[in-house]
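One letter stands for each residue in the lines below.
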Amino acid sequence: MKDKTTTSDTASSRPTPAARGGRPRRRKLTFDRVTFFLAFLGLPLAIFVVFVLYPFGQAIFWAMTNWRGFSPNYDFVGLDNFTKMFQDDVFLKALRNVALLAAFVPLVTLTLALGVAVAITLGGPSKGPVRGIKGASFYRIVSFFPYVVPAIIVGLIWAQMYDPNAGLVNGILTSLGLDHFKEFAWLGEQATAMPALMFVIVWGLVGFYAVLFIAAIKGVPAELYEAARIDGAGRFRMTISVTLPAIRDSVQTAYVYLGIAALDAFVYVQAMLPNGGPNNSTLTISQRLFNIAFAKQQFGLATAMGVVLAVVTLVFAALVFAINRLTGGGESEGGKKARGSKARRAGAMGGAQ
Amino acid sequence: MSVIAADRKQASEQKRASDQKLTRAVAGSDRRFAVIAHGLLILWSVIVILPMLWVLVSSFKTTKEILSSPFALPDHWQFDNYTRAWSDASIGKYFLNSVIVVVCALVLVMLLGAMCAYILARFQFPGRRLIYYVMLAGLTFPVFLAIVPLFFQLQNFGLLNTRPGLILTYVAFALPFTMFFLYAFFRSLPHDVYEAALIDGAGDWRAFFQVMLPMARPGMAAVAIFNFLGLWNQFLLPVALNTDQNKWVLTQGMAAYASSQAYGIDYGALFAAIVVTVVPVLIVYIIFQRRIAGSVSQGTFR
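Chains as they are written, first to last, in this note's numbering: chain A, 1 to 353; chain B, 1 to 302.
FYI, nobody ran anything at the bench for these hints, they're computed from the structure.
Warning: the hint list may mix true and false statements.
[Said to hold, decoys possible] DSSO-like mimics (lysine-lysine), calculated; alpha carbons at most 27 Å apart, straight line:
1) B:K64 to A:K182
2) B:K93 to B:K247
3) B:K247 to A:K296
4) A:K93 to A:K296
5) A:K84 to A:K296
6) A:K218 to A:K134
Make a model of the complete structure from these sequences and hints.
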């Protein structure tokens, strides 16, 4: 593992092959080379364009039509879909719910993930260099568990946990003497449905970000900790003054991707609250979009909702970056750092979502 | 000679003394920190493990037992919950579908992603940067925006509700992540071996498959693990694009089974179905968990 990390470290600062005067030389366009390029670049690009780029492009056009999908006819209606959408109380409620999710889920998840990561990496004995807590690998394995379980199953498990009669949550609460919760429907009450949903999303995601932060904290130079210690800093102080500033960009990236995940939240709500929750209190844009598209066949309106979701996502990302920049973080060191943070961004996606 | 040795000894003694002083100064707060850390981690572990343990135990109970006493162990361990789940929920069939779709998509996306990353990372040609950034942008768009057009795109190709259609869609959406991750990897590979291969008369094709690809194996393994988790857990794409019940994958089969349960509740079988779905992935995870932790640090924070 170790030497790999160092070799890829040097990669970003290494001059391009052409700049070093080595490969690639201009060689003749042989048959071999042409087929090579066609297959190696053409094939992946074709798939990407046909199944990703082109649908995204089409979406923006269809958002301005009243197309219903199965008839070939449609009219261009301009921004009508958007005005219709913003007069629709149900959609506005979904928009509000999604804003709530994007505000709280990343905050809680990242606070917990940081807590877990710091506890695991810095909680060790005070003799010798700063090192991990006893049983670190056990805690690491356990906290990553929920991320391995398919999100739909996470939702199903918690739907059962919250069950008013047979669920474990009420079972524990009543056995603690809180009889008020005997048949309390966590997902059926307007006041608790949203927090209960948020808790499940957090439960499912904390482990992944904890592991991400553990990796980031391990990348902080040990001398920084030694220096802080010579200055008499305790572990808590070290966390605030050394760890957090050092992994700031990782936190920002994680924040953006968690926000995107929370804005969508489709899998979780479909598993736990397929009908939008009590009085639509947990309805999300994605759920509404799916319903409008595939149950009501209003494809034009549905893609317009998709456009709004995309815009909300972009605004959210821009907000996070702006806040980070304003509070003194951000990318001021130019190209090299930007490339690193992009790699991190890809990593924070955690695969093919 | 002896002077130097004495000096050294003195220095090391001084160092030890100062270390001890420091240790005493922060030891108290360190101990408090360790206690809080252990407390937090134990609490979190319980919150993670308890639901899973409960599901496991409940999967052996009768529905009546589950309803009356959520805590108790079952009187008789009901193994027929599992047979019911296997036959009623068609878990076996969906499992097989998931394996087919995910394995095909994984192999394809790893191959295509590696090829694309290799070209972009090691060849200079006009448009290289543009392609790179367009794919990067593809990583950030919400899939929901594309889902409706994608539905009709697949319909036009006659690929709607087919396994190849689902596989291609999986590949397309996993491609940017794969390409991006491997791009950094291919850039870091040494040139000498490649040059040697060319001098020995290998063409571009052979140089890639026999020299470069084997060298990229560690990077490929890391990406493959994350792609596997992502594709195995995929829900939206199959639900929208794969509505033929015979071709359902595990996630959508489980969702449908759970919602059909709302009418005639067979909790025991539902819990058993959940266990059957989760256990294989957990086992794979425990075997590969070191690799996952390694790949996170390697791929994301360079």
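Here is how each hint holds up against the structure:
Straight-line distance between C-alpha atoms of B:K64 and A:K182 comes to about 17 Å, which keeps the hinted pair within the 27 Å bound. At most 27 Å may separate the alpha-carbon atoms for a hinted pair to count; B:K93 and B:K247 meet this at roughly 8 Å. At roughly 24 Å between alpha-carbon atoms, B:K247 and A:K296 fall within 27 Å of each other, so this suggested pair holds. A hinted pair counts as satisfied when its Cα atoms are at most 27 Å apart, and A:K93 with A:K296 qualifies at roughly 19 Å.
About 15 Å separates the Cα atoms of A:K84 and A:K296, which keeps this hinted pair within 27 Å; it holds. At most 27 Å may separate the alpha-carbon atoms for a hinted pair to count; A:K218 and A:K134 meet this at roughly 16 Å.
The structure shown violates none of the earlier numbered hints.
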